[in-house]
Amino acid sequence: MKPIDIADVQAYLDTFENKPVYIHLETTNGAYAHHVDEKAVNAGAFIRNAKVVFTRGKITGDNGTFRVGLKLDSGWIYTEGLTDWTVTDAGELLLAGHDQEGRLFVALQISERPFRYE
Amino acid sequence: MEKHVVVIYPHPDDESFGAAGSIVQFRKQGIPVTYLCGTLGEMGRNMGNPPKANRESLAEIRKEELLAACNVLDIEVEMLGYWDKMIEFEDLTEVALHIKGYLDNIEPSLVITHYPGHAVHPDHNALGKAAIEAVRMMDEGERPVVWAQAITRDYRETLGEPDVINDVSDEIDTKMKAIFSHTTQAKGVLSQFTQGGLSEETIQTEIKKRFSTEEFYIWDFHM
Numbered sequence: 001m002k003p004i005d006i007a008d009v010q011a012y013l014d015t016f017e018n019k020p021v022y023i024h025l026e027t028t029n030g031a032y033a034h035h036v037d038e039k040a041v042n043a044g045a046f047i048r049n050a051k052v053v054f055t056r057g058k059i060t061g062d063n064g065t066f067r068v069g070l071k072l073d074s075g076w077i078y079t080e081g082l083t084d085w086t087v088t089d090a091g092e093l094l095l096a097g098h099d100q101e102g103r104l105f106v107a108l109q110i111s112e113r114p115f116r117y118e
Numbered sequence: 119m120e121k122h123v124v125v126i127y128p129h130p131d132d133e134s135f136g137a138a139g140s141i142v143q144f145r146k147q148g149i150p151v152t153y154l155c156g157t158l159g160e161m162g163r164n165m166g167n168p169p170k171a172n173r174e175s176l177a178e179i180r181k182e183e184l185l186a187a188c189n190v191l192d193i194e195v196e197m198l199g200y201w202d203k204m205i206e207f208e209d210l211t212e213v214a215l216h217i218k219g220y221l222d223n224i225e226p227s228l229v230i231t232h233y234p235g236h237a238v239h240p241d242h243n244a245l246g247k248a249a250i251e252a253v254r255m256m257d258e259g260e261r262p263v264v265w266a267q268a269i270t271r272d273y274r275e276t277l278g279e280p281d282v283i284n285d286v287s288d289e290i291d292t293k294m295k296a297i298f299s300h301t302t303q304a305k306g307v308l309s310q311f312t313q314g315g316l317s318e319e320t321i322q323t324e325i326k327k328r329f330s331t332e333e334f335y336i337w338d339f340h341m
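In the order they appear, the protein sequences are chains A and B. According to our numbering, numbering within the first sequence proceeds without interruption in unit steps and concludes at 118. According to our numbering, numbering within the second sequence proceeds without interruption in unit steps and concludes at 341.
Here are the simulated DSS-like pairs of lysine-lysine, each with C-alpha atoms no more than 25 Å apart in a straight line:
1) B:LYS170 - A:LYS2
2) B:LYS305 - B:LYS327
3) B:LYS181 - B:LYS305
4) A:LYS19 - A:LYS51
5) B:LYS305 - A:LYS39
6) B:LYS326 - B:LYS146
7) B:LYS146 - B:LYS121
8) A:LYS19 - A:LYS71
9) A:LYS58 - A:LYS2
10) A:LYS2 - B:LYS181
11) B:LYS305 - A:LYS2
12) B:LYS305 - B:LYS295
Source of the hints: derived by calculation from the structure; they are not laboratory data.
In isolation and in its complexed conformation, chain A is listed as follows:
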C-alpha cells in the first residue's frame, strides 16, 4: 500500500457512488493487547461483505491520517485513522491505518464484488 493521496482516493470513492457495493470495515488493537499490557482491553470489530449503497463518499483529514464518511439512505459508515491505500487487481479499494510498526489498526474496503470469505 502507499500513503494516501486525498485526490486520488476521492476519485476512486466517486466511482462506487449510487451502486450496490460490498464493505469490509474493521478496527483492532490485537488479540494480545491485554496479554502484553494487563491494563489494556482487547477491542476490535469487523464486518465483512456488508452490502450497501452510498449516495456520497468523502475523504477528509491531514497530517497523514484521514477519515472517510459514506452517507447511506438510512445512516452512515465512518472510519478514522486511515494512512495508506491501494487498489487490488480485482478492483477492490483498500484503505487502512497502520501504526509505526506497520500493524494494521483500522481498515475500510469497498468492492463491487464480495471480498473473499472462505
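Put chain B on the given structure of chain A with help from the hints.
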C-alpha cells in the same frame, strides 16, 4: 518412541513459536509430524514492517510463509480452512468431527494442541477444545496422548508444574529459522516480548532464552 505426532493450532506461526523445538526433536528421531493449521491468519494485524501485506493479500502470503516454515521443520501440513478469529463461533462438535477425520486417518500416538481456557487467544482456546473433544470421541483404547499447551502469564500458578518440560536449546537455531519464515509476523510478535531500547544482541539472547523451553500438560480424560 512416538509413531506419528499431530500438531493442532489455529494460526500459521503458532507451530513455530509454540512447538518447533519439540517438533525438531521428533523429526531427528525420524517420527512423522503433521500440522493441522486451523486458519490462514487472514485477520492478523502484523503486515510486516514496513507493511508488505494488506488485508486481502495476507492470507496468500501467510500460506506461503506456513509452507516455508513447515519445510524448515520437515513436516506435513493440512489447512483446515477456518476463518481467523471466528473458530469459537463455529459448532464445536462439527470442528471436533472435522479434526477427528484427520486423526482417524493418521492414527497418531501423540497430539499437541493448546490448553483450552489457558491459551490467551480465543482461536487457541476454541481449537484446543475441539481437538481434545475429537480425541475424547475416540475409543478409549485408541486415543493418542494429548499434550496441551498453556500460554497465559500465570499458568504455572493456576495449573501447577507442567508434565512435559522440553529443553529445546539444541534445536533453537532451527526453531528461530522456522519463526522467521513467518516474515510478516515474526518481528511484530517478538517485539511484544522485548522492551524497547535494547541492543539487537540483547534481544536475540532474550528471545532464545524465552523460547528454549516448551512446556505441556498431559490431558487427563478422566477428570
